[in-house]
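Working from the sequences, and respecting the hints, build out all of it.
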Amino acid sequence: MNNILKYLLNYRRNIRYDQNMIDENMIEAITSDDLARGYRRSVDSACFSCLRCDARFEEGRVYASAGGFSTAERAAKEHSAEAHGDLFEEILDSGRGVTGIPDAMAEVLRLLHKGKSDREIAAALGGKSPSTVRNQRRALRKRESEAKILLALMETLDASGKYVGRFVAYPAAMPMQDDRAIVTEEEAAAIEKKYLLADGCLLRIPRKEKEKLVVLRRIAERFEAGMLYGQREVDQILLKADADYAALRRYLIDYRFLEREPDGSAYWVAGMKPEQK
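Each number in the numbering used here comes from the position in the sequence shown (counting from 1) with 1 added on.
There's no promise every hint is true.
Listed next, with one range per pair, are the computed distances between beta-carbon atoms [to be verified]:
{"no.": "1", "residue 1": "179", "residue 2": "97", "range": "12 to 22 Å"}
{"no.": "2", "residue 1": "125", "residue 2": "155", "range": "31 to 41 Å"}
{"no.": "3", "residue 1": "64", "residue 2": "138", "range": "35 to 45 Å"}
In silico PhoX-like pairs for lysine-lysine, Cα to Cα no more than 20 Å straight-line [said to hold, decoys possible]:
{"no.": "4", "residue 1": "117", "residue 2": "129"}
{"no.": "5", "residue 1": "194", "residue 2": "209"}
{"no.": "6", "residue 1": "241", "residue 2": "213"}
{"no.": "7", "residue 1": "194", "residue 2": "211"}
{"no.": "8", "residue 1": "195", "residue 2": "241"}
{"no.": "9", "residue 1": "194", "residue 2": "213"}
{"no.": "10", "residue 1": "209", "residue 2": "195"}
{"no.": "11", "residue 1": "129", "residue 2": "115"}
{"no.": "12", "residue 1": "194", "residue 2": "241"}
{"no.": "13", "residue 1": "195", "residue 2": "213"}
{"no.": "14", "residue 1": "195", "residue 2": "211"}
No lab work stands behind these hints, which were simulated from the structure alone.
Think of the CB as a built atom: it goes at the ideal place given N, C-alpha and C, for glycine as much as any other residue.
The structure is reproduced here in structure tokens:
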């Protein structure tokens, strides 16, 4: 299931998906309005696609709904709410590392979403004054204005063709988040060329942390997000990269590219453990 919303939230966390799963050009095309709705109109306007599953609703078709019949867009909207629940809560629950919103401010947003008044919110926050809540709301509006300005500036910069040196994405839980994790895509390509053969085999495992992270990131892409792997499967995949598959497995776990059960019975891409049915 191609959960585009989950991709976006984890991409913001710096967790990278397998490139074969989701078209990154489509990710770039998703707007803030799409995120707010939970679905998007295709580029050719032929259908509406859910951001949280594979559901598609073709323009021009009539869909059955609880109220009788509905258009494709209305069906997409109803599907998003009924099949997946509250989109607002899902995004807010992704945490400060994704939204950039401090916990206290996030709680105010959550209570506002529930229709609470300033006085009710103040009480829910442990006896804060209503004026404190009003200040928080004012701060949220200021952040909204700042975000719009930044978005406009970044879009202008992208359109100019002068914005180069995008940074590679790493897992947010990775132990080091310092200069060793700051690498442009151009730098990463040069490091990969230095240590990886055309068929993906390793010449050697880098000693320098910065180079090691780049190589591990590329090797981690051999694993499909949302899939569970046994240790034997993991070892077989890593053996295609290097004979010392045990060291690679250990590094992928230590640097949080992969996660596993405590007993080592199952492995998965970090942050992308499949839901248990």
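Just to be careful, I want the Cα atoms of residue 194 and residue 241 compared with a cutoff of 20 Å; is the pair within it? It holds: about 17 Å lies between the C-alpha atoms, which stays within 20 Å.
Assess, step by step, whether the Cα of residue 129 is no farther than 20 Å from the Cα of residue 115, and give holds or violated. Satisfied, since the Cα-Cα distance of roughly 18 Å is no more than 20 Å.
Are the Cα positions of residue 195 and residue 213 separated by 20 Å at most? Status holds; Cα separation ~11 Å.
Mind checking the hinted window 12 to 22 Å against the Cβ distance between residue 179 and residue 97? holds, 20 Å
Please work out if residue 241 and residue 213 have their alpha carbons no farther apart than 20 Å. holds, 17 Å
Straight-line Cα separation of residue 117 and residue 129 no greater than 20 Å? holds, 14 Å
Is it true that the CA of residue 195 sits at most 20 Å from the CA of residue 241? Answer holds: residue 195 to residue 241 is near 18 Å, not above 20 Å.
Would you mind confirming whether the straight-line C-alpha gap from residue 194 to residue 211 stays at or under 20 Å? holds, 14 Å
For residue 195 and residue 211, compute the direct alpha-carbon distance and say whether it is at most 20 Å. It holds: about 13 Å lies between the C-alpha atoms, which stays within 20 Å.
Pair hint residue 194 and residue 213, alpha-carbon separation not exceeding 20 Å: holds, 13 Å
For the pair supplied as a hint, residue 194 and residue 209, is the alpha-carbon distance within the 20 Å limit? Measuring from Cα to Cα gives roughly 15 Å; hence the hint holds.
Cβ separation of residue 125 and residue 155, checked against the hinted range 31 to 41 Å: Between residue 125 and residue 155, where Cβ atoms are some 35 Å apart, the hint holds.
Of the hints listed earlier, there is not a single one the structure fails to meet.
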